[in-house]
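Student: Sequences are here, hints too, so could you generate the full structure?
Protein chains: 2
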Amino acid sequence: MRKFDQQQIEQILKKRFFITQSAYIYGGVSGLYDLGPPGLSIKTNILSLWRKHFVLEEDMLEIETTTMLPHDVLKASGHVDKFCDILVFDEVSGDCFRADHLVGDALEKMSPTEEISKELQKVDCMSCQEIDEIISKYNIRSTLGNKLSKSQQFNLMFGTQIGYKGGQTMFLRPETAQGQFLNFKKLCEYNNDKLPFASASIGKAYRNEISPRSGLLRVREFDQAEIEHFVLTDEKDHPKFSTVQGIKLKLMHHDASEEITLKEAIERGIVCNETMGYYIGRTALFLIELGIDRELLRFRQHKKDEMAHYAKGCWDAEIYTSYGWIECVGIADRACYDLSCHEDGSKVDLRCKRRLAEPKEIEEWVLKLDKKEWGAKLRDRFSVLMETVNGLSQKYIEKNVVSIGENRNRLSVKFDEYTINIECSRVKKKVFVENVIPDVIEPSFGIGRILYALIEHSFYLREDSRPVFRFKPAIAPVQCAIGYLIHFDEFNEHILNIKRFLTDNGLVVHVNERSCSIGRKYSSCDELGIPFFITFDPDFLKDRMVTIRERDSMQQIRVDVEKCPSIVLEYIRGQSRWN
Amino acid sequence: MRKFDQQQIEQILKKRFFITQSAYIYGGVSGLYDLGPPGLSIKTNILSLWRKHFVLEEDMLEIETTTMLPHDVLKASGHVDKFCDILVFDEVSGDCFRADHLVGDALEKMSPTEEISKELQKVDCMSCQEIDEIISKYNIRSTLGNKLSKSQQFNLMFGTQIGYKGGQTMFLRPETAQGQFLNFKKLCEYNNDKLPFASASIGKAYRNEISPRSGLLRVREFDQAEIEHFVLTDEKDHPKFSTVQGIKLKLMHHDASEEITLKEAIERGIVCNETMGYYIGRTALFLIELGIDRELLRFRQHKKDEMAHYAKGCWDAEIYTSYGWIECVGIADRACYDLSCHEDGSKVDLRCKRRLAEPKEIEEWVLKLDKKEWGAKLRDRFSVLMETVNGLSQKYIEKNVVSIGENRNRLSVKFDEYTINIECSRVKKKVFVENVIPDVIEPSFGIGRILYALIEHSFYLREDSRPVFRFKPAIAPVQCAIGYLIHFDEFNEHILNIKRFLTDNGLVVHVNERSCSIGRKYSSCDELGIPFFITFDPDFLKDRMVTIRERDSMQQIRVDVEKCPSIVLEYIRGQSRWN
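First to last, the sequence lines map onto chains A and B.
Number 199 in my numbering belongs to position 149 of the first sequence; there are no gaps in the numbering.
Number 452 in my numbering belongs to position 402 of the second sequence; there are no gaps in the numbering.
Worth flagging that the hints you see were computed from the coordinates, not collected in a lab.
Just so you know, these numbers come straight off a predicted model, no measurement behind them.
Keep in mind that the hints are not guaranteed to be accurate.
No copy labels: a pair is met if it fits in one copy or bridges any two.
As the list claims (entries may be wrong) - Capping the alpha-carbon separation at 25 Å, the derived lysine to any residue pairs in SDA-like fashion look like this:
#1 LYS215 to ASP182
#2 LYS449 to ASP122
#3 LYS353 to LEU442
#4 LYS354 to TRP375
#5 LYS254 to THR219
#6 LYS254 to GLN605
#7 LYS427 to CYS322
#8 LYS215 to ASP150
#9 LYS102 to GLY624
#10 LYS464 to THR219
#11 LYS215 to PRO120
#12 LYS354 to GLU183
#13 LYS197 to VAL452
#14 LYS132 to ASP174
#15 LYS215 to PRO517
#16 LYS102 to GLY253
#17 LYS132 to GLY209
#18 LYS65 to THR438
#19 LYS613 to GLN625
#20 LYS64 to PHE432
#21 LYS132 to GLY217
#22 LYS244 to VAL561
#23 LYS353 to GLU513
#24 LYS254 to GLN274
#25 LYS397 to SER177
Tutor: So, in structure tokens, the structure goes:
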């Protein structure tokens, strides 16, 4: 397996301000990082490619939702109860530890038996009780050698309060997905009520890690790019699957690890449906286009006890780095779980219409609101009431309706300061569509991890040990640098012209004005992964020629200064090849 | 003054999913909004233009810093103590109100006297004591008619905790600026220690408004785009000022409101320096390029008692909307206040070098750390100690050094679990540079407000009352729609080709497959502000011609389907003009 010099890479990342610990002049905060100009530029390029590759290519509906969510939303989604780590405490010092880390590390240090390796496999998904049992069974101690307290759950969401004292409890979102589920009705309407469709969202998510380790990989604030592909449960064939079916990938599935095509994976039932297969293929293409080494990419199927009970299948794109294989993308078929949770939690109908092969007769609750009475009382709030009442889910009505005798039924709804009683009746009707909650297939990208893996995969040392990043031009933080051997005023106008032309074409250009040798200038640009360097030298005054140097081959060509901008642009865009 | 139908506009924004209240199916959270596809697309276009107009044009160093900041940082910046609103409480119901709003509204309802209008002007910047006095003087009551409690300060930052109980107190950042100040040293180094330079940052900021009003304008989570232009205090001339000096703007300054050129404003001392003038000019150009009506744009100078004591000048770009004149951009000369605060707060030297006209002799503290002793004790942490010690500011050393007799001095530094005693001495040396903290000029853009103002300025009704947004092609959420009168399979391939060509050129294209009349399709696209619509009709089968319809003129031209993509692209890019 390829080796990466983690320390050397992280040193360069720090020195060249790709990244730094947040608030470092105040001692820093572990798990929080700021991106300097080159780091941010690469991230922006990754996201721009992501948007093109997924959102634009598939006509996804991209939205942006708030990073703060109310308690009720995350209660319904399950995060308030289940988005937890298990902690144990040193009984003497009070230090706290993540139970899975502590127990895992302790077991790994013991002489391996079959039993221990079985325990090790389970350690990630143990309950508090199982943790306590295993700690007592193997007499596991804290890292300070002291006894450990009973384990307890710790919720990983950051909480805050909105408004004055006693205001609403809010959490920083643990994922961008929830904002998409909350807007499902509007998205569906925006898509003219047609299924399938996908929404997408890019943004920050938060996780209050207890003791962040693995450097840049396990952080407390991170960028996610998530897709929610809404599709009816029995319509998961994908019209464009044929465009990816020939891609051969390393798949680690329940029965074996093998390199097979997606077509075979679908035919043998290894991947559960074509839509899942399509996203696996598109994800692989995306990562490889970024510059991820395809030999160091695999897709791992979740074991059954690793998945949530409702999930129909889950595959992680794992990339090999100096930290081992790390999960960078998760692609899960989450069935109708999320929308069902929010239908229950919000009481709002989140179903969409599905055309029936033939009409059928159904019975449903119809509400009769006294419009005169409430229109007069509520005035301009009345339309909001109507919207609320019309939005109520059948499930909610069914659960809360009260019989008031003689085939009469009533539903009470709280609205503003009123309790509104609404007459309800069961009505038979013939329908041509039925209301169903669609399934969702969710490809979720950890952008920070992809960025880090890409940086490692792009790093190499020249024979003389000088470091280089071989970023592709579309990914490099700067596409082109311009410099000179010695400065002459005659250069200025030409430098500005070249820069203007390339900038107008959307590229980032550095003018290197440092007074050091050209060799040091090249090295300095190699450390940022700048693919092309244009040099003005004194001969320019005679022949109007400049030198273009390519980063990886280190070869140089001399070209006319007038033609230089378009030549470089063609190289950068890949319209012509170096050599 | 132009009038805007706020209600009608907001109805369309909601109906077409430009924007929606966050978690609306759960009743929503006031002051929090999600952006649907068209709203997000316009925002993305605004930011992309901002990046081009400011960051790329001026070679700014763009960085991205975390949205969470530790208490110490915001204590040093003054936010913990001063980022507050004053609240008053209804003594009976306990309801709380923003004092400035409540008092302002009450005074406005009184019969206007000279005294009252003076009070009204000050109401925004009153202290708790002044608020209490004015409440008692005018016998102001809560909106429920009850007596009011004494006023109190309420901090507007959202707090949270990082780590397990007793972890670090963090706040969601109230502005992106702080992240740039914290990274000043690294930015300066990245810029090869040359001044002036500017950094920039785009991101979320947060403000726990007590009772958000003014709909989309006063929100709790918002997008900021901020620039920090670091410059020596006596070097604020700007080399590119001449490129903006001829721009005529409405300036509301201390003495009058008048429309004058920036050149005149500088010459008459109305605007305090050229760098400030340059940013005012560039900001005006940016807003007008977006599509803001230049007649509804003015720059207002802050009054002296409205500015922080350290500020040397502050101008707001105000845009007129249905909510009146609203502040959308603030451009402030903040002197060296922020960096000085953080030098004090962090103890780290935040100065940069300034070449002296001639060398001079200075005396400064030099620290002698016992490298042998601490190298052996600290091992791989030793380099961090060295960095910390070398980074200490002279001011901090001066304050904390202790004499231990006979010209010997000592500084004690806490590091990890150690207290490290370092010998210090005053050393005379001849220097060619001096260390100074630069000033900062800060243009700060409220992206959500600009977005809202732009939406209002772009709105109009046709003669038949149908609504339209006249977004410029670069700003429109979708640049081109493609549809048909009646569907024929022969269209598909051509529709895909046109879409592919325009998408590859970075445009957003909608294929409109709704089965409604072409008139309704046009109206529907007008409501999204889509500038061009390409229609296939049955004649296409004979002549291979399609119709291009332009939004504002509603005129149509018929062109060959093969030439259509490049013709539309030229219109969108402004390379050829409609008619």
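Student: Now, for every hint given, state plainly whether the structure supports it.
Tutor: Now for the hints, and whether the structure bears them out:
1. Taking identical chains as interchangeable, the C-alpha atoms of LYS215 and ASP182 lie at most 25 Å apart only when they sit on different chains, with a minimum of 21 Å there against 38 Å within one chain.
2. In this assembly of identical chains, LYS449 and ASP122 lie within 25 Å of each other by CA distance solely inside one copy; the values are 19 Å within and 51 Å between copies.
3. For a Cα distance limit of 25 Å, the shortest separation of LYS353 from LEU442 qualifies neither inside one copy, at 38 Å, nor across copies, at 52 Å.
4. Within a single copy, LYS354 and TRP375 get their C-alpha atoms as close as 20 Å, which meets the 25 Å cut-off; across copies the closest is 59 Å, which misses it.
5. Proximity of LYS254 and THR219 under a CA criterion of 25 Å is satisfied in both settings, with 19 Å inside one chain copy and 20 Å between copies.
6. Proximity of LYS254 to GLN605 under the C-alpha cut-off of 25 Å is found in neither arrangement, the shortest distances being 41 Å within a copy and 44 Å between copies.
7. For a Cα distance limit of 25 Å, the shortest separation of LYS427 from CYS322 qualifies neither inside one copy, at 54 Å, nor across copies, at 57 Å.
8. Taking the shortest alpha-carbon separations for LYS215 and ASP150, only the inter-copy value of 19 Å comes in at or below 25 Å, while the best intra-copy value is 37 Å.
9. In this assembly of identical chains, LYS102 and GLY624 lie within 25 Å of each other by CA distance both inside one copy and across copies; the values are 17 Å within and 23 Å between.
10. Taking the closest pair of Cα atoms, LYS464 and THR219 come within 25 Å of each other only inside a single copy of the chain (21 Å); across copies the shortest separation is 38 Å, beyond that limit.
11. Taking CA atoms no more than 25 Å apart as the test, LYS215 paired with PRO120 passes in both settings, with 15 Å inside one copy and 22 Å between copies.
12. For the homomeric pair LYS354 and GLU183, the shortest alpha-carbon distance inside one copy (23 Å) is at most 25 Å, but the shortest distance between copies (68 Å) is not.
13. In this assembly of identical chains, LYS197 and VAL452 lie within 25 Å of each other by CA distance neither inside one copy nor across copies; the values are 56 Å within and 43 Å between.
14. Taking the shortest alpha-carbon separations for LYS132 and ASP174, only the intra-copy value of 14 Å comes in at or below 25 Å, while the best inter-copy value is 45 Å.
15. Taking the shortest Cα distances, LYS215 and PRO517 never come within 25 Å of each other, neither inside one copy (54 Å) nor across copies (43 Å).
16. With identical chains, the CA atoms of LYS102 and GLY253 are at most 25 Å apart both within one copy (16 Å) and between copies (22 Å).
17. In this assembly of identical chains, the alpha carbons of LYS132 and GLY209 lie at most 25 Å apart whether taken from the same copy (15 Å) or from different copies (23 Å).
18. Only between protomers do LYS65 and THR438 lie at most 25 Å apart by alpha-carbon distance; the minimum there is 16 Å, versus 56 Å within a single protomer.
19. Proximity of LYS613 and GLN625 under a CA criterion of 25 Å is satisfied in both settings, with 15 Å inside one chain copy and 23 Å between copies.
20. When the C-alpha separation of LYS64 and PHE432 is checked against a cutoff of 25 Å, the pair qualifies only between copies, where the shortest distance is 17 Å, while the shortest distance within a copy is 58 Å.
21. Within a single copy, LYS132 and GLY217 get their C-alpha atoms as close as 24 Å, and across copies as close as 21 Å, so both meet the 25 Å cut-off.
22. Taking the shortest Cα distances, LYS244 and VAL561 sit within 25 Å of each other only across copies (14 Å), while inside one copy they are farther apart (51 Å).
23. Proximity of LYS353 to GLU513 under the C-alpha cut-off of 25 Å is found in neither arrangement, the shortest distances being 44 Å within a copy and 63 Å between copies.
24. Taking the shortest alpha-carbon separations for LYS254 and GLN274, both the intra-copy value of 6 Å and the inter-copy value of 15 Å come in at or below 25 Å.
25. Taking the shortest alpha-carbon separations for LYS397 and SER177, neither the intra-copy value of 31 Å nor the inter-copy value of 45 Å comes in at or below 25 Å.
The structure fails hints 3, 6, 7, 13, 15, 23 and 25 (numbered hints given earlier, in ascending order).
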